[in-house]
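> Protein chains in written order, with the numbering used here: chain F, 1 to 312; chain C, 1 to 338.
The reader is advised that the hints may include incorrect statements.
[To be verified] The calculated DSBU-like cross-link candidates involving lysine-lysine, where the alpha carbons are at most 30 Å apart (straight line), are:
#, chain 1, residue 1, chain 2, residue 2
1, C, Lys130, C, Lys156
2, C, Lys258, C, Lys236
3, F, Lys272, F, Lys282
4, F, Lys170, F, Lys250
5, F, Lys242, F, Lys62
6, C, Lys131, C, Lys234
7, C, Lys131, F, Lys143
8, C, Lys156, F, Lys143
9, C, Lys53, C, Lys335
10, C, Lys130, F, Lys282
11, F, Lys170, F, Lys242
12, F, Lys143, F, Lys62
13, C, Lys156, F, Lys282
14, F, Lys143, C, Lys130
15, C, Lys264, C, Lys234
[What the hints assert, rightly or not] Sample of chain F residues lacking proximity to chain C, with all beta carbon distances greater than 12 Å (derived):
#, residue
16, Pro6
17, Arg7
18, Asp33
19, Ile58
20, Glu93
21, Ser117
22, His120
23, Ile208
24, Pro260
25, Ile298
Hints are computed from structural coordinates only; laboratory data are not their basis. Bear in mind that the values here come from a model prediction, so they are computed numbers and not experimental data. Even for Gly, the Cβ is constructed at its ideal location relative to N, Cα and C.
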Amino acid sequence: MTLSYPRRIFLTALVMLIGLLLVVAALWLPPIDHDIEVMDSLFVIDITDSMNVEDARIGNSKVNRLDWAKEFTRQAILAMPCGSRVGLGIFSEARSLILMTPVEVCSNYHDLMQMLSQFHPSMAWVRSSEVSKALYTAIRQAKEITPQPTVVFLTDGHEAPPVHETLFPKFTGTPGEVAGVIVGIGGSDLLPIPKTNEAGEIEGTWAINEVMHRDVYASSRGDAAELNENRPRTEHLSSQKKSHLETVSKRIGFEFVSSPRSPQALMKEMRKISENRQQSVKYDLFVWLASTALILLILVFLPYSLFRRQAE
Amino acid sequence: MILFGLEWAFPLVLLLLPLALLPWFNNNLDKTVAWTALVPHDPLSKTISLALKILSSVVIAALLFAIASPAVPERIVEGYGEGAEIVLLLDRSRSMDDAFAVGPQAATYSVGGDNSKRRVARTYLTEFVKKRPDDRFGFVFFSTNSINLLPLTYSKDAILATIEANSLGRGLSNTNLADALLNSALMFENQAYRGSRIILLVSDGGQLMTEEEMQQIATRYNEMNLSIYWIYLKSKQDMTLERTENDSILYSDLPERKVHEFFKGLGIPYRAFEAGSLEEFAEAMDEIDEQQYQTLIVEELVPHQPRADWFLWLALIAMLPLASSHLYSYWGVRKAHG
Chain F
1 MTLSYPRRIF LTALVMLIGL LLVVAALWLP PIDHDIEVMD SLFVIDITDS
51 MNVEDARIGN SKVNRLDWAK EFTRQAILAM PCGSRVGLGI FSEARSLILM
101 TPVEVCSNYH DLMQMLSQFH PSMAWVRSSE VSKALYTAIR QAKEITPQPT
151 VVFLTDGHEA PPVHETLFPK FTGTPGEVAG VIVGIGGSDL LPIPKTNEAG
201 EIEGTWAINE VMHRDVYASS RGDAAELNEN RPRTEHLSSQ KKSHLETVSK
251 RIGFEFVSSP RSPQALMKEM RKISENRQQS VKYDLFVWLA STALILLILV
301 FLPYSLFRRQ AE
Chain C
1 MILFGLEWAF PLVLLLLPLA LLPWFNNNLD KTVAWTALVP HDPLSKTISL
51 ALKILSSVVI AALLFAIASP AVPERIVEGY GEGAEIVLLL DRSRSMDDAF
101 AVGPQAATYS VGGDNSKRRV ARTYLTEFVK KRPDDRFGFV FFSTNSINLL
151 PLTYSKDAIL ATIEANSLGR GLSNTNLADA LLNSALMFEN QAYRGSRIIL
201 LVSDGGQLMT EEEMQQIATR YNEMNLSIYW IYLKSKQDMT LERTENDSIL
251 YSDLPERKVH EFFKGLGIPY RAFEAGSLEE FAEAMDEIDE QQYQTLIVEE
301 LVPHQPRADW FLWLALIAML PLASSHLYSY WGVRKAHG
């Protein structure tokens, strides 16, 4: 199909006029509001000794569980849209300690990373690791923060001293009242736990006779010897305690994700359970307007005669 | 991606730049003429046609540059402000969970309540931080081993969130004052001297330090030009950091008095504020606020600035004569053919 000369002149003039208007619009049209979903979260990281075990993977390299937790937190923060807010906390002994309440991720990225990089086993105030109780305190403190954040608890689930199968610490809250995800870290093989000294430096590993192998209840009962006689003594070794974490997460109404490959897996769980906030962001349409103008111009300038000659 | 000193959101779009040559390779608007020799030689029309081609190329290129969304990258600008660089050292020990400024009996009852010393400190520090736009704040985690939790930052959000978090939950069983004092000084290590440097200690007690620790603190604080402000939250109304005439014999050996004596003898600027009530606490904060307005070198983070506008303007300027010339030829052709 060929267009007559006057037609071509007309179309070209029309395109030029539209193009001019589009460029004017690109320059002066105000940005429009565009709603995105953001959420608030509180990352609590286990810094107890068992987190020094090197059985987590980033890509092809083996790293210790704490480094994995820090890197995973960093990636999760990067994956969040601006407007999301993240707080940080650590867990040691039998409690979670919130160190920064949620702040906006994009404008405070540097400070979040600065604080995250300081998380180190030497911050631990007591050398024990009562995961369940720490989860309960994290929940209690999340309730004090407004708006209430989703708790992301990164741990290997290693309880020291161990907990009894039925006589576990009581959860007094309402399950699911605070939304949260437990991220399980570590491999499935039992490995020796590096031991840290007062200054937080690693000094050998925990020996079999240095740790409690039964829970406080059983060890103080008279019939304990008979009851526990044939149980293996492995509490000085550590692996990811998946079934324990699953049980605990059910008790408190949390989700459980074991060694997620990417932060996307965590975000998916979080989106399911979190209260999402609508955050409106300014969105400038200039790219679309300029692109339309460009496409129109290119249509005018395409060397149609070449195509036609080839077709003949 | 950084190209020509600009940050491009969609750098791949620039690969389409050869499209700007299209106007030179087509003859869409040529008129079929029976015999070209009949067309008169016209240098003006040649120049115009050349100019139009150049303009068309400019428009296409400018639009491509604009679509690639360039921006001046985020950068740090140094300027002068008024204020100080302040490291907050908040006592996190259990005793800070006790109620502040109440009668002697009541203090033992409400533990970790809204009027606990830690929460009162939160309230006033928050107010203080908000009043001081140019200050840079750091925060030390005060436990068995202290950690420089939040290195000096200009972000008010970050420091306020850290102060807020410090008021949550219960206190820690062990704190180590000497370690915290030594560590907080390290916040200024390898930093250019920008203006007055303050360690702001808020605590309700003191701790005995070893001779060696005191020596280290003295050296480090003098080397780094630090000042100490100590807001001492009194637990007993009549107890003062300074010895008085009718002193109770019980007070003479208290660790806080020893810490006070030590700070006084450091040879660095030091002030103690003894707060026995909320008013006194507020006054102490106000006084620090008033004193600390010296010239300070501040770093300002200038966020990245979109610069697609430059190219849109260029496109617009090139487009105006181009569009008018095409509209003019349309008008001419219509007259001729109409």
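> Please go over all the hints and tell whether each is borne out by the structure.
Going through the hints against the structure:
Of the pairs offered as hints, the one joining Lys130/C and Lys156/C holds, with about 7 Å between alpha carbons and a cut-off of 30 Å not exceeded. Using a Cα cut-off of 30 Å, the hinted pair Lys258/C and Lys236/C holds, with the two alpha carbons roughly 17 Å apart. Among the hinted pairs, Lys272/F with Lys282/F is consistent with the structure: their alpha-carbon atoms are about 26 Å apart, no more than 30 Å. Distance hint between Lys170/F and Lys250/F is fulfilled; the C-alpha atoms sit about 13 Å from each other, no more than 30 Å.
Under the criterion of a C-alpha separation no larger than 30 Å, the hint pairing Lys242/F with Lys62/F is consistent with the structure, at around 20 Å. For the hint pairing Lys131/C with Lys234/C, the CA-to-CA distance comes to about 25 Å; that is within 30 Å, so the pair holds. Proposed proximity of Lys131/C and Lys143/F is supported: the alpha carbons are some 28 Å apart, at most 30 Å. Pair hint Lys156/C plus Lys143/F holds up; C-alpha atoms about 23 Å apart against a cutoff of 30 Å.
Note on Lys53/C and Lys335/C: the hinted pairing holds, with a Cα-Cα distance of about 24 Å set against a maximum of 30 Å. For the hint linking Lys130/C to Lys282/F, the alpha-carbon distance of about 27 Å falls within 30 Å, and the restraint holds. For the given pair, Lys170/F sits about 20 Å from Lys242/F by alpha-carbon distance, which is consistent with the 30 Å threshold. At roughly 36 Å between alpha-carbon atoms, Lys143/F and Lys62/F are farther apart than 30 Å, so this suggested pair is violated.
Under the criterion of a C-alpha separation no larger than 30 Å, the hint pairing Lys156/C with Lys282/F is consistent with the structure, at around 24 Å. Between Lys143/F and Lys130/C the CA atoms are separated by roughly 25 Å; this keeps the pair inside 30 Å, and the hint holds. Distance check on the hinted pair: Lys264/C and Lys234/C sit about 19 Å apart at the alpha-carbon level, within 30 Å; holds. A beta-carbon of chain C comes within 12 Å of the beta-carbon of Pro6/F; the shortest separation is about 5 Å.
A Cβ of chain C approaches the Cβ of Arg7/F within 12 Å, the least distance being about 10 Å, so the stated non-interface status is violated. Against the 12 Å criterion, Asp33/F stays outside the reach of chain C, whose nearest CB is about 18 Å from its own CB. A cut-off of 12 Å between C-beta atoms confirms that Ile58/F is not in contact with chain C; the least separation is 24 Å. A cut-off of 12 Å between C-beta atoms contradicts the statement that Glu93/F is not in contact with chain C; the least separation is 9 Å.
Not every beta carbon of chain C lies more than 12 Å from that of Ser117/F, the smallest distance being close to 9 Å; the non-interface claim is violated. For His120/F, the non-interface assignment is contradicted: its Cβ lies about 7 Å from the closest Cβ of chain C, within the 12 Å cut-off. At roughly 27 Å, the least C-beta separation between Ile208/F and chain C is larger than 12 Å, which holds for a residue marked as non-interface. With a least beta-carbon separation of about 26 Å from chain C, Pro260/F lies farther than 12 Å from that chain, consistent with its non-interface assignment.
A beta-carbon of chain C comes within 12 Å of the beta-carbon of Ile298/F; the shortest separation is about 6 Å.
The earlier numbered hints that this structure contradicts are 12, 16, 17, 20, 21, 22, 25.
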